[in-house]
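Q: Read off the chains here:
2 protein chains.
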Amino acid sequence: MDRVYNFSAGPSMLPLEVLEKAQKELLNYNGCGSSVLEMSHRSKPFEAIVNNAEATLRRIMHIPDEYAVLFLQGGASLQFSMVPMNLTAQGATTAYAVTGQFAKKAWEEGARWGNAVAVTNGKIDNFAAIPAVTPELIPQDAAYLHITGNNTVYGTAYNTLPDTGSVPLVADWSSAILGKVIDVKKHALIYAGAQKNMGPAGLTVVILRKELLERTLDPIVPTMLQYAIHADKGSMYNTPPCFSIYMAGLVFEWVEKNGGVEAMEQRNAARAAALYKALESCDHFRPLAAKKDRSIMNVTFTLDTPEMTAEFLAMAQGRGLTSLKGYRTVGGCRASLYNGMPDEGVAALIDCICAFEIGKRT
Amino acid sequence: MDRVYNFSAGPSMLPLEVLEKAQKELLNYNGCGSSVLEMSHRSKPFEAIVNNAEATLRRIMHIPDEYAVLFLQGGASLQFSMVPMNLTAQGATTAYAVTGQFAKKAWEEGARWGNAVAVTNGKIDNFAAIPAVTPELIPQDAAYLHITGNNTVYGTAYNTLPDTGSVPLVADWSSAILGKVIDVKKHALIYAGAQKNMGPAGLTVVILRKELLERTLDPIVPTMLQYAIHADKGSMYNTPPCFSIYMAGLVFEWVEKNGGVEAMEQRNAARAAALYKALESCDHFRPLAAKKDRSIMNVTFTLDTPEMTAEFLAMAQGRGLTSLKGYRTVGGCRASLYNGMPDEGVAALIDCICAFEIGKRT
Numbered sequence: 001m002d003r004v005y006n007f008s009a010g011p012s013m014l015p016l017e018v019l020e021k022a023q024k025e026l027l028n029y030n031g032c033g034s035s036v037l038e039m040s041h042r043s044k045p046f047e048a049i050v051n052n053a054e055a056t057l058r059r060i061m062h063i064p065d066e067y068a069v070l071f072l073q074g075g076a077s078l079q080f081s082m083v084p085m086n087l088t089a090q091g092a093t094t095a096y097a098v099t100g101q102f103a104k105k106a107w108e109e110g111a112r113w114g115n116a117v118a119v120t121n122g123k124i125d126n127f128a129a130i131p132a133v134t135p136e137l138i139p140q141d142a143a144y145l146h147i148t149g150n151n152t153v154y155g156t157a158y159n160t161l162p163d164t165g166s167v168p169l170v171a172d173w174s175s176a177i178l179g180k181v182i183d184v185k186k187h188a189l190i191y192a193g194a195q196k197n198m199g200p201a202g203l204t205v206v207i208l209r210k211e212l213l214e215r216t217l218d219p220i221v222p223t224m225l226q227y228a229i230h231a232d233k234g235s236m237y238n239t240p241p242c243f244s245i246y247m248a249g250l251v252f253e254w255v256e257k258n259g260g261v262e263a264m265e266q267r268n269a270a271r272a273a274a275l276y277k278a279l280e281s282c283d284h285f286r287p288l289a290a291k292k293d294r295s296i297m298n299v300t301f302t303l304d305t306p307e308m309t310a311e312f313l314a315m316a317q318g319r320g321l322t323s324l325k326g327y328r329t330v331g332g333c334r335a336s337l338y339n340g341m342p343d344e345g346v347a348a349l350i351d352c353i354c355a356f357e358i359g360k361r362t
Numbered sequence: 001m002d003r004v005y006n007f008s009a010g011p012s013m014l015p016l017e018v019l020e021k022a023q024k025e026l027l028n029y030n031g032c033g034s035s036v037l038e039m040s041h042r043s044k045p046f047e048a049i050v051n052n053a054e055a056t057l058r059r060i061m062h063i064p065d066e067y068a069v070l071f072l073q074g075g076a077s078l079q080f081s082m083v084p085m086n087l088t089a090q091g092a093t094t095a096y097a098v099t100g101q102f103a104k105k106a107w108e109e110g111a112r113w114g115n116a117v118a119v120t121n122g123k124i125d126n127f128a129a130i131p132a133v134t135p136e137l138i139p140q141d142a143a144y145l146h147i148t149g150n151n152t153v154y155g156t157a158y159n160t161l162p163d164t165g166s167v168p169l170v171a172d173w174s175s176a177i178l179g180k181v182i183d184v185k186k187h188a189l190i191y192a193g194a195q196k197n198m199g200p201a202g203l204t205v206v207i208l209r210k211e212l213l214e215r216t217l218d219p220i221v222p223t224m225l226q227y228a229i230h231a232d233k234g235s236m237y238n239t240p241p242c243f244s245i246y247m248a249g250l251v252f253e254w255v256e257k258n259g260g261v262e263a264m265e266q267r268n269a270a271r272a273a274a275l276y277k278a279l280e281s282c283d284h285f286r287p288l289a290a291k292k293d294r295s296i297m298n299v300t301f302t303l304d305t306p307e308m309t310a311e312f313l314a315m316a317q318g319r320g321l322t323s324l325k326g327y328r329t330v331g332g333c334r335a336s337l338y339n340g341m342p343d344e345g346v347a348a349l350i351d352c353i354c355a356f357e358i359g360k361r362t
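If you read the sequences in order, they're chains A and B. Using my numbering, the first residue of the first sequence is number 1, and each one after it goes up by one. Using my numbering, the first residue of the second sequence is number 1, and each one after it goes up by one.
Looking at chain A on its own, in the form it has when it is part of the complex (with noise of 0.2 angstroms):
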């Protein structure tokens, strides 16, 4: 089988010029003698690699200086609990706006540490729609506000930042990183998995006020859960992970040649708006967000029966577009059109659809 189209909420596609690009110095980086899979993290190489990965992610992301990037381990999962253990002592409150699958996790986490408050929970509307965030439902006293920017599961997104008053706002963006123009100057800390939009599974990347750094931790926090360990240490206080952050890198060099994040975002949403747009016009499509919040990045949408999900569903993966399903808990479908999805894909899901709508009116 040729390469297929493959809408997975993540890991997902990548640009095929990168990974031509990765498979082609496979053996052999740059001329080095040895493939960026065993080459020593001290190694002068990779410290270029890691160099060029943070400046290229620093330019298309315009990251001020007053920022650290990091690069971790252990996806938005373990963010869920560094985020609490390095910006709050044990017991402080925190709030969370619950708005999704992966919101309540972290919020879940957070409560672990500390007094987290779920200012918002969207569960009443199974998550349909991003409730409203005022100043007013957030306790003056929290250390932060915690968002999850996209929420992959429901597709719904934020598609303006929530007011916070003066409490300092951290999101989660792991689905919509690159994929969208994101104000980091609005943010205490950002973060992101990589395997959506940045590059393979296993990398996760962390861009945070450095004046975050310079609190005292409580000393039960393990060393590996400190970010101002990582930021001391370039990232390389341990072995990291060191193929993640070239294919990383490659992204990232190929966004900024695609005209960067803006121009990610402005084909991202060209392209959704289609996809939505044809789901509307059909009788047996529906969309499953509330419009104001949809996401770019996942769409979600159901048929008429669970049935006849199942048999587009198949009709779908004979077209060579897979993994369309949707999240478990939610049912449905669910297209992911993350940067390294080609247009020619999401045509062909429109067309698919199209052709299933037509099929069921004759």
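Bear in mind the hints are in silico, worked out from the structure with no lab data behind them. Among the hints, erroneous ones may be present.
Intra- or inter-copy, both count: the list cannot distinguish identical chains.
[As the list claims (entries may be wrong)] Distance condition first, Cα-Cα at most 35 angstroms in a straight line; then the derived DSBU-like pairs of lysine-lysine:
{"#": "1", "residue 1": "Lys21", "residue 2": "Lys44"}
{"#": "2", "residue 1": "Lys186", "residue 2": "Lys257"}
{"#": "3", "residue 1": "Lys44", "residue 2": "Lys104"}
{"#": "4", "residue 1": "Lys257", "residue 2": "Lys277"}
{"#": "5", "residue 1": "Lys123", "residue 2": "Lys291"}
{"#": "6", "residue 1": "Lys291", "residue 2": "Lys104"}
{"#": "7", "residue 1": "Lys233", "residue 2": "Lys104"}
{"#": "8", "residue 1": "Lys24", "residue 2": "Lys210"}
{"#": "9", "residue 1": "Lys105", "residue 2": "Lys233"}
{"#": "10", "residue 1": "Lys210", "residue 2": "Lys44"}
{"#": "11", "residue 1": "Lys291", "residue 2": "Lys44"}
Based on these hints, arrange chain B on the given structure of chain A.
A: For chain B alone, kept in the frame of chain A given last:
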């Protein structure tokens, strides 16, 4: 430059055959239409990859059914914290044999959580030997004795396991796993970073007695640091480091095809012996580790003066023998002879040592 012989302590050389296979299927794994770098960890092909990797590892290490095998992130450094958090209550007594740099770090992290007692401390000899551990040295109420099986920095190893009496043995085998036979049954828990004998960086393997998963943990322990969660979810609680698991699986198969860990040990012991013999037969070279405690994975040595060491390192570099510089706190040289190092690389190093020695004699 052609591929070099890279003697790095890790990440380190992978078998060329493994790299070539990975290169061949990098754009399209097994005809499924996606790269392993971009496929969903919930997909059928990846499920097969992770199941095969575990099954092969169980065969080559003869891991009994009553042990769980976990594929995690964070390296040995995160295990330093996960071990005490999962095996003891806060404040409980644990025992550590401090035989080197990483053993010391494990002890220090243990002390963040509990009463971590150093039962031996090799620092007085600059860690050149492994002090004997006897049951009398270990506090009877210790939840475990932690050892670092192979000390990468100092080139020492436990060539026989210590007698711990009734205290469970926990071992960091990062730099010898698959390089020599480890009797799993004698351990309560084994952990190892992948980046020496198993694959690229970004993967940590944990092997532990299943009964250890039944403890009720302190609620402060982050979900991501709980062995039981990862065991229950088949190492898929969150997105695992997919590509590193795939590469490790290829390495496990390569080990099996080449006679298993028993054959690896035989080969590694023979070539380490040849290297030690060459060093001992020279006037200007001197092995650093005490003879009885020498590692067959990391051979540490020095020359008469730092200048002579630098001269030798430059000569080796010119012959395509790289990353031979000793750890920064030790100096001298270190040759790591992991499974991925071809015999020709060890022969070339011995040749280089002899040529340097002869050059100095004439």
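Q: Are the hints correct? Go through all of them and say.
A: Going through the hints against the structure:
Within a single copy, Lys21 and Lys44 get their C-alpha atoms as close as 20 angstroms, and across copies as close as 27 angstroms, so both meet the 35 angstroms cut-off. For a Cα distance limit of 35 angstroms, the shortest separation of Lys186 from Lys257 inside one copy, 26 angstroms, qualifies, whereas the shortest one across copies, 55 angstroms, does not. For the identical chains of this complex, Lys44 and Lys104 are inter-copy neighbours only, at 28 angstroms across copies versus 42 angstroms inside a copy, given an alpha-carbon limit of 35 angstroms. Taking the shortest alpha-carbon separations for Lys257 and Lys277, only the intra-copy value of 30 angstroms comes in at or below 35 angstroms, while the best inter-copy value is 54 angstroms.
For the homomeric pair Lys123 and Lys291, the shortest alpha-carbon distance inside one copy (17 angstroms) is at most 35 angstroms, but the shortest distance between copies (65 angstroms) is not. With identical chains, the CA atoms of Lys291 and Lys104 are at most 35 angstroms apart within one copy only, with a shortest distance of 22 angstroms there and 56 angstroms across copies. Within a single copy, Lys233 and Lys104 get their C-alpha atoms as close as 32 angstroms, and across copies as close as 19 angstroms, so both meet the 35 angstroms cut-off. When the C-alpha separation of Lys24 and Lys210 is checked against a cutoff of 35 angstroms, the pair qualifies neither within a copy, at 38 angstroms, nor between copies, at 43 angstroms.
In the homo-oligomer, the alpha carbons of Lys105 and Lys233 lie at most 35 angstroms apart both inside one protomer (29 angstroms) and across protomers (16 angstroms), since each shortest distance falls under that limit. In this assembly of identical chains, the alpha carbons of Lys210 and Lys44 lie at most 35 angstroms apart only when taken from the same copy (26 angstroms versus 42 angstroms across copies). Taking CA atoms no more than 35 angstroms apart as the test, Lys291 paired with Lys44 passes between copies only; the shortest distance there is 33 angstroms, against 50 angstroms inside one copy.
Violated hint: 8 only; the structure is consistent with all others.
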